[in-house]
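These protein sequences, in sequence, are chains A and B.
Residue 65 in my numbering is what sits at position 65 of the first sequence, and the numbering runs on without skipping anything.
Quick note: to get my numbering, add 1000 to the position in the second sequence (first position is 1).
Take the hints with a grain of salt, since some may be wrong.
What the hints assert, rightly or not - Per label pair, the in silico range of CB-to-CB distance:
| # | chain 1 | residue 1 | chain 2 | residue 2 | range |
| --- | --- | --- | --- | --- | --- |
| 1 | A | 101 | B | 1006 | 24 to 34 Å |
| 2 | B | 1104 | A | 167 | 34 to 44 Å |
| 3 | A | 120 | B | 1088 | 11 to 21 Å |
| 4 | A | 148 | B | 1122 | 44 to 54 Å |
| 5 | A | 175 | B | 1020 | 15 to 25 Å |
| 6 | A | 203 | B | 1128 | 34 to 44 Å |
| 7 | A | 158 | B | 1122 | 51 to 61 Å |
| 8 | A | 101 | B | 1002 | 51 to 61 Å |
| 9 | B | 1005 | A | 113 | 16 to 26 Å |
| 10 | A | 129 | B | 1062 | 35 to 45 Å |
| 11 | B | 1138 | A | 158 | 31 to 41 Å |
Derived from the structure by calculation, the hints contain no laboratory data.
C-beta: ideal position from N, C-alpha, C; glycine also.
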Amino acid sequence: MNVRFGVTFGGCVIATLLGASEAAAAEPRTPFPAHAALDAVGGSPAKGAYVLSAQGGWPFSFLRAQVGLSDRITLQSELESAVGRRYRPMLGIGVRLAEATHVRLTGEFLAGWLFQRSEEYRRGPNGELRFRLAIPVRRFVPYLVLGTRHAFLPDLLTIERASGTETSWSLRHEWTPWATLGLGFAISRGIGLDLGINYGWVGAPDTIALPGVHLGLHFGGDR
Amino acid sequence: MSRARFVFAGALGVVLAGCVNEETRLYEIELDGKVAVPDGAPSAGAVHLAFHVAKTFGEGDLEHPLGVFETRTVAGVGPVRETVLYPLDEGEGLVVYGWLDSDGDGVHCAPGQTEEPAGLVKVAGFPAHALSFSLTLRAPCVGPESLYP
């Protein structure tokens, strides 16, 4: 099973690289002014442009859609999964904070809900503030994401007294600092890849976290 | 209630029910008891009480007797009146364990101190909001696991 997966994966990588080299040979050496890989990993596609991303890995995987509402403002939706047990559907906006030939800085704010089914249930409203720094160099886009996530987990306490039953709610806070370091690659203006290392410290500082990795495929258009 | 309000209330209920992480159910019990030592035995010192569920819920081999949920310290032997919150989802039955801190060090027995008496009683009538018990401390240096079941 693993061998078959490895052969298939290797074939995909080779085909991708061959396709990329053919594309590189066919296109002029001038870098793309904007491409799906940059919009995906750097955030904030231009007005009318969109990018769809699928990033699979361990322990985190992502589906993300971004649409440029203006040249600075982006609407985005994201679904994150951690090993199929923890899901985070989110909706938010991205703001292009800085743009230069070789730099793009984006701030993003997302809000949504957290669902976790495991030994410990975790459910509640969830928000994230993060910044994306991308440095496009021709087809390559090294990028860094730094974020802070906050989930609020409601607990219910019921006390049965002789005089009656009292019910009260309380909120626990779950903090997840986040960092991703990765490299995007533009196969063409509309198709890109990225490979990244994620460090999501769920429940910091009371827990420990292991780094993870993801491989992403991105499609974009209308720019 | 209008139909719109009914739908809103229903939706709110579903959302709230769907976001509970931990639900803790406690049962308040007023315990009226008496702690004593056998006639003639030393009785000076504070008494440390531990309130246990008689049987802790678990699956298979994880099910076991006893499970402390509250502890108290009272001034000495004699009448005791305590209010405890019993965790309904952790077990069943109520057990009170106590020991006499003869030397006042807060530690139940130690090298050189082997005479601190302990005792245990299973409270009859549980569950009820008002219960009574009588606890006699007669077994020196014994933990609750040796006294129950």
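Tested hints:
1. Evaluation of the 24 to 34 Å hint for residue 101 (chain A) and residue 1006 (chain B) yields a failure: the beta carbon distance comes to about 59 Å.
2. Taking 34 to 44 Å as the suggested C-beta distance range, the pair residue 1104 (chain B) and residue 167 (chain A) conforms, at roughly 42 Å.
3. For residue 120 (chain A) paired with residue 1088 (chain B), a C-beta distance near 20 Å keeps the hint of 11 to 21 Å intact.
4. Restraint check, residue 148 (chain A) to residue 1122 (chain B): a C-beta distance of roughly 51 Å satisfies the suggested window 44 to 54 Å.
5. Look at residue 175 (chain A) against residue 1020 (chain B): about 21 Å separates their beta carbons, and that is inside 15 to 25 Å.
6. Judged by the Cβ atoms, the range 34 to 44 Å given for residue 203 (chain A) and residue 1128 (chain B) holds: they are separated by roughly 40 Å.
7. Restraint check, residue 158 (chain A) to residue 1122 (chain B): a C-beta distance of roughly 26 Å breaks the suggested window 51 to 61 Å.
8. Range check, residue 101 (chain A) to residue 1002 (chain B): about 60 Å between beta-carbon atoms, so the 51 to 61 Å window is met.
9. The hinted range of 16 to 26 Å is satisfied by residue 1005 (chain B) and residue 113 (chain A), whose Cβ atoms lie roughly 24 Å apart.
10. Between residue 129 (chain A) and residue 1062 (chain B) the C-beta distance comes to about 42 Å, which sits within the given range of 35 to 45 Å.
11. The beta-carbon spacing between residue 1138 (chain B) and residue 158 (chain A), approximately 38 Å, falls within the hinted interval of 31 to 41 Å.
Violated hints, in rising order: 1, 7; the structure is consistent with all others.
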